[in-house]
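Participant: Chain residues, written in single-letter form:
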Amino acid sequence: MSFLINNTIGADDAYTLGPLQAGPPCCVPEPLIRVENLSLHYGGKPALENVSLDIYKGCITTLIGPSGCGKTSFLSALNRLTDMIPDCHISGNINFANKDIRHPALDVQALRRDIGMIFQKPTPFPMSIRRNIELPLREHGVSKRTELNDIVQQVLQDVGLWDEVNGRLESPAQALSGGQQQRLCIARALALAPKVLLMDEPCSALDPISSGVVEDLIQRLREKYTVVIVTHNLAQAKRIANYAGFFWVKEQAGCLIEFGQCKQIFDSPTHELTAAYVNGIRG
Amino acid sequence: MSLPRTDKQLVALLRICALIAASILLLILFFLIDESRPVLQHVALTRFVTDASWHPAQGLYKLTPMLSATLYATIGALLLATPLGIASALFCSYYAPSLFAGCYRRLIAVLAGIPSVVYGFWGLTTLAPIIGHLHPPGVSLVTGVVVLTLMILPTVALTVDAALAAVPVAYLRSGAALGLSHWGLISGVALPAAHSGIAAGIMLAAGRAIGETMAVLMVAGNVAEQPHSIFDPVRTLTANIALEMAYATGNHRAALFVSGLALMTVVVMLVSTAELFKKNTHKHV
Amino acid sequence: MSKSDLARVLIWLAAALVSGVFVWLLADILVHGLSRLSWSFLVEAPRNAGRSGGIGSIIISTGLILLVTMVMAGPLSLATAVLLSEFSQHDSVFRCLVRPSLDVLAGVPSIVFGLFGNAFFCIYLGLGFSILSGGLTLACMVLPVLIRTAEEGLMAVPNDYRMAAAALGMSRSAALVHLLLPAATPAMVAGSMLGIGRAIGETAALIFTSGYVDRMPESLFDSGRSLSVHIYDLSMNVAGGDANAYSSALVLIILLLVINSITLRLAKQWLHKSVAV
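Chains as they are written, first to last, in the numbering used here: chain A, 1 to 283; chain B, 1 to 285; chain C, 1 to 277.
I should point out that these hints are in silico values taken from the structure, not numbers from a laboratory.
Don't take each hint at face value.
EDC-like mimics (lysine to aspartate or glutamate), calculated; alpha carbons at most 20 Å apart, straight line [as the list claims (entries may be wrong)]:
1. B:Lys279 / C:Glu152
2. A:Lys195 / A:Glu139
3. B:Lys8 / A:Asp83
4. A:Lys99 / A:Glu139
5. A:Lys250 / A:Glu272
6. A:Lys238 / A:Asp100
7. A:Lys57 / A:Glu272
8. A:Lys57 / A:Glu30
9. A:Lys121 / A:Asp216
10. A:Lys57 / A:Asp100
11. B:Lys8 / C:Glu86
12. A:Lys238 / A:Glu258
13. A:Lys195 / A:Asp100
14. B:Lys278 / C:Glu152
15. A:Lys99 / A:Glu30
16. B:Lys62 / B:Asp51
17. A:Lys144 / A:Glu170
18. B:Lys62 / B:Glu244
19. A:Lys121 / C:Asp160
20. B:Lys279 / C:Asp103
21. A:Lys195 / A:Glu223
22. A:Lys45 / A:Asp83
23. A:Lys224 / A:Glu30
24. A:Lys121 / A:Glu215
25. B:Lys278 / C:Asp160
26. B:Lys8 / A:Glu272
27. B:Lys8 / A:Glu30
The structure presented is a predicted model; accordingly, all values stated were derived computationally and were not measured.
With the hints as constraints, model all of the structure from the sequences given.
Facilitator: In structure tokens:
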């Protein structure tokens, strides 16, 4: 299993930007995740009503909209993290690579290996940097010392942390800075070789410089991975995304107002609410 | 939700353990009732009150002297421990400089952990002779009350202390801004705001006093007679069980189990009510 | 004199009275107990019904009783706490059954445990007066305390960890073993110390279950006398036993103080950990 990313950066120059791939890809990509009529409610209170959209393979899809529109709930449904929330009920279809992920017999752990998640607040486990990455790997069956070492080094290089932490891999992960912690969490998720990465406002808890570093990293993930990112930062969304979905609240439940290619959503939105939001008039 | 196999096995194991833990209470009730049955079948409940005296060997089961002893000892201890305990808590929260308050709290916490047998022992060797000088014999109801007071005081103090700590500082600031004096703030704002915690503390202390065995056994004397003055030696319900279990058989033994059952009911009700009051303290705040 | 001044005087007086009496109690035991306290006192066997000699066999018996208590109550309480905090929803059947039962159990007086232990462990299960009976009875007594502290320790672990572990496809049991239990360990050890402290001072529950024999026990089925039962016996049934009773009481208090300070230190560490994260 190869974990090499097409690195456009030199080994000694961790933050040089490679050529960015903003705008739509050259050929029409296939949908990797298809969501049909997804509705979600917590103990009777609706959070999402009838959301339908496609997540395209190898692209960065951003979900924008004000707080409370169900974007995080939507994300949690995609890797069935909603199973862990008490009293949460879902209806509708979610298909990942042509499999219905809501089927009761589905191996949820394997699903979460294919669909990884990064949270808003960086959550490194209270253990060493190395063990943070090795623990999930071991749980998924990787046990050979050489294999583990290779993966740890590779993913830390991919996120640009290797030069900073090489030599102190046994030190506690929680002693790292916020930006480093978030990159560690991304490395941890990448170690499982996922197909999709779900990111819930990954930069919002970070200072501007760390935020920039993480944003660059996300852009380098394009093509090799499929990324779905929730963000409040419209400028960031415009910078990095291929596709955008705009969420809003209607009758106290979140819903999808418009979905399409990023350029179109921001420059010539169809719906007037979308236009109002992206131009800062509302929300 | 499909749990992986290891999780399913784990949950099954955990459930078995939890059920074992939950069934202990049921076991206790079952065995207590089972052991009490012989005497309940042959002796009418009213005889526990109307018989001439407590002489199980002769078939006499009057429990009222022991019930009175428990009641008087508990009430006496509560009357002494409640003001002292509340005063201790007030001392820690509002009067003592922080160094003293820390030491005092630590002292109270240590004393809460001292076993009852040590209290009883000290009462027997030190308190009883002193009280005996005043009015013989030394081991009597009043000695029992004093020792019980010492034992339940930390309970009252610690519970009230926690309740006072939960009073929002905003209340006190508003009261001060309205020109209330120091005592006015305490009596008018802090204590009323902490009233459910205080009630909880008193009930917990009462539960502890009623259920206390060793200390009262050692210092209250050993006479199963109705007390007529505070200097009379008495025997509480708990002491009765402890003293006679060693050699009781048949109906006698069953009668002791009956008193145990009664004790358990009263104490459990007190403690449960106290916990409800404690929860209310937090809800309020 | 204003009301506030009067209140101040009275409260200081009350505090002085309370601390005075308690210091008197502790000092009394210290002064009288030191006279016979020595290494030989701690290891020798009691002689002459305990009037002379030491408390060697008593300490061993006490230790064995505590061992039985913790070995039986420890895993059971951990399992129950894990179920209550990690694997049951708020309205599940188990929560509704187990929680109230434990809350009531916590309030049962110790003499009632003595009655139960005698009826169930000594007679029904046929264990007789033995260290095993005593330890099992105490295990029932400390179970609520252990469960509550373990539960609190687990609930204090931030939920972010559970979510992150799940998102990485880790099973609940893996997350529990590698992440949650290690993080909750200081709280659980503090809880165990609390349980041991309670158990060590227990007398009423042990008199009818582990008995009075002051010889060195040869097995768990032998009767054994705990330290607190020894103090009781010396002061009530043995004329002239006061001197050794004082020393035994001093040993007991010192043990409790040591356990108390370990608990405090662990609790501080636990608080520091859960806040820092």
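Participant: Which hint numbers doesn't this structure obey?
Facilitator: 4, 6, 7, 25, 26 and 27
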